[in-house]
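Given the sequences, and given the hints that come with them, work out the whole structure.
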Amino acid sequence: MHNTSRMTLLSRLTLALLVSSFAFVQLSFGHILHAEEPAKKPAAILLFDGQTLNGWKKVGGDATYSIEDGEIVGRVGPGPNTFLRTLATYGDFELKYDVKLDTPGNSGVQFRSHQKDGTGRTFGYQCEIDPSPRQWTGGIYDESRRGWIYPLDKDEQARKAFKIDDWNTFVITTKGPHITTSVNGVRCADLIDTADLEGFIALQVHSGKAGQIRWRNIQLTPLGQSAWKPLWNQKDLAGFRAIGGGEWKVADGELVGTSSKEESRHGLLITEDAFRDFAVRVEFKAVTGNSGLYFRCVEADPYGVAGFQAEIDPTKDVGGLYETNGRAWIFQPSAEQLKKAFKPGEWNEMTVVALGERIVIHLNGIKTVDFIDKGGRAAGKIALQLHGGDDMDVRFRKVEIMRLDDIACCTE
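Residue numbering for the sequence shown follows UniProt numbering, beginning at 1 and increasing consecutively.
Everything labelled a hint here was simulated from the structure, so no lab data went into it.
It cannot be assumed that every hint is accurate.
Stated by the list, open to error - For lysine-lysine, the following DSS-like pairs were computed, each having C-alpha atoms within a straight-line distance of at most 25 angstroms:
1. Lys-235 x Lys-209
2. Lys-58 x Lys-100
3. Lys-398 x Lys-367
4. Lys-367 x Lys-116
Unchecked claim - So the derived label-pair ranges between C-beta atoms look like this:
5. Pro-230 x Glu-357: 47 to 57 angstroms
6. Glu-247 x Lys-154: 44 to 54 angstroms
7. Lys-154 x Arg-276: 26 to 36 angstroms
8. Gly-224 x Glu-357: 45 to 55 angstroms
9. Pro-230 x Ala-210: 46 to 56 angstroms
10. Trp-148 x Arg-216: 35 to 45 angstroms
On a predicted model such as this, the values are computed, not experimentally measured, just so you know.
Glycine residues also receive a C-beta, built at the ideal position from the N, C-alpha and C atoms.
This is the structure:
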């Protein structure tokens with residue numbers, strides 16, 4: 001055989017081996033290749049089949065719900081507010097539905113909602129349907145709890161989105177503490193709130209003398225389930241490091257920080273890890289002295305850290321926002337806010353959400369800060385503070401976190 005023929009045959013054999021090997025690699029490691037493909041959006045679920053109310057039940061008052069022309073029709077009846085609720089509960093999702101008012105009356109769609117023990121009263125988030133002159137349709141009302149938490153008094157474009165005599169398309173999107181609503185493609189609410197992460201969906205007919213509402217095309221796309229996870233394990237100081245003055249210890253299921261007024265240094269219990277976008281929730285009791293919940297902070301002299309602090313104090317400024325080694329006070333809550341939100345000498349709950357440039361603080365469910373930090377530090381550690389020069393006794397019985405790195409947030 002000539003050398004050229006041998007070379008040609010060898011080349012063909014080599015090519016065949018390469019092709020076979022590549023095919024084997026594809027088959028063997030196909031799961032790795034597929035993992036790099038963009039994740040497909042989950043399929044939408046029809047919550048109403050157009051023919052029956054399977055999967056729903058009526059609670060509350062005596063309004064009626066019927067099916068006409070493939071639509072759910074709610075009519076005002078005697079008694080309190082009435083709700084047609086889903087039997088199932090949902091966490092993170094995109095909910096789409098159409099609404100039309102036959103007879104104008106107040107209504108709404110509950111989401112991440114619950115029923116109170118004993119009374120069965122529905123409570124939770126509601127995307128409002130408001131045909132009154134104020135036009136707050138698409139705003140968010142906290143039914144049977146806090147009242148209005150996202151009114152539309154400062155958003156004329158959103159107020160004009162709803163068509164009183166026609167069909168309207170609503171979209172509610174929830175992902176962790178981030179909730180948005182839109183009406184006919186116009187953004188209405190952009191809420192950060194941590195009160196509820198899951199619950200049922202319900203169609204409301206408000207009590208009153210008039211009101212007939214139609215719903216159709218009710219579909220939900222599941223987006224997972226956000227959840228709180230322990231940042232402190234309630235056993236020891238694993239995952240944290242103490243720096244500066246004072247003492248931290250675990251006693252009777254509580255994380256206790258103490259220091260004397262003779263100690264001039266700030267004491268800090270700081271996480272080993274840094275965090276970017278997150279929500280953090282603490283239950284605290286401020287017995288004596290000034291404390292705080294640091295976040296997006298870095299270690300720096302002379303106070304141990306530089307960064308934001310959500311204020312903890314036995315008497316004043318609780319839930320305010322302060323920047324150590326920076327701009328000092330960003331926001332101090334008013335005496336009226338504290339009277340409504342703070343429980344001196346008792347256990348209190350505070351949540352901080354840092355999502356993109358937006359920072360939101362709630363004290364016992366009442367919002368104290370909603371701030372856009374243009375160009376600020378985007379990541380950092382979390383720490384608990386003992387203020388230098390104070391007789392300190394501060395206690396925590398819960399420190400939890402929710403990672404939000406996969407959530408995009410509007411900052412306007």
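Here's how the hints hold up against the structure:
{"no.": "1", "hint": "Lys-235 x Lys-209", "verdict": "violated (57 angstroms)"}
{"no.": "2", "hint": "Lys-58 x Lys-100", "verdict": "holds (20 angstroms)"}
{"no.": "3", "hint": "Lys-398 x Lys-367", "verdict": "holds (20 angstroms)"}
{"no.": "4", "hint": "Lys-367 x Lys-116", "verdict": "holds (23 angstroms)"}
{"no.": "5", "hint": "Pro-230 x Glu-357: 47 to 57 angstroms", "verdict": "violated (27 angstroms)"}
{"no.": "6", "hint": "Glu-247 x Lys-154: 44 to 54 angstroms", "verdict": "holds (48 angstroms)"}
{"no.": "7", "hint": "Lys-154 x Arg-276: 26 to 36 angstroms", "verdict": "holds (30 angstroms)"}
{"no.": "8", "hint": "Gly-224 x Glu-357: 45 to 55 angstroms", "verdict": "violated (24 angstroms)"}
{"no.": "9", "hint": "Pro-230 x Ala-210: 46 to 56 angstroms", "verdict": "holds (50 angstroms)"}
{"no.": "10", "hint": "Trp-148 x Arg-216: 35 to 45 angstroms", "verdict": "violated (27 angstroms)"}
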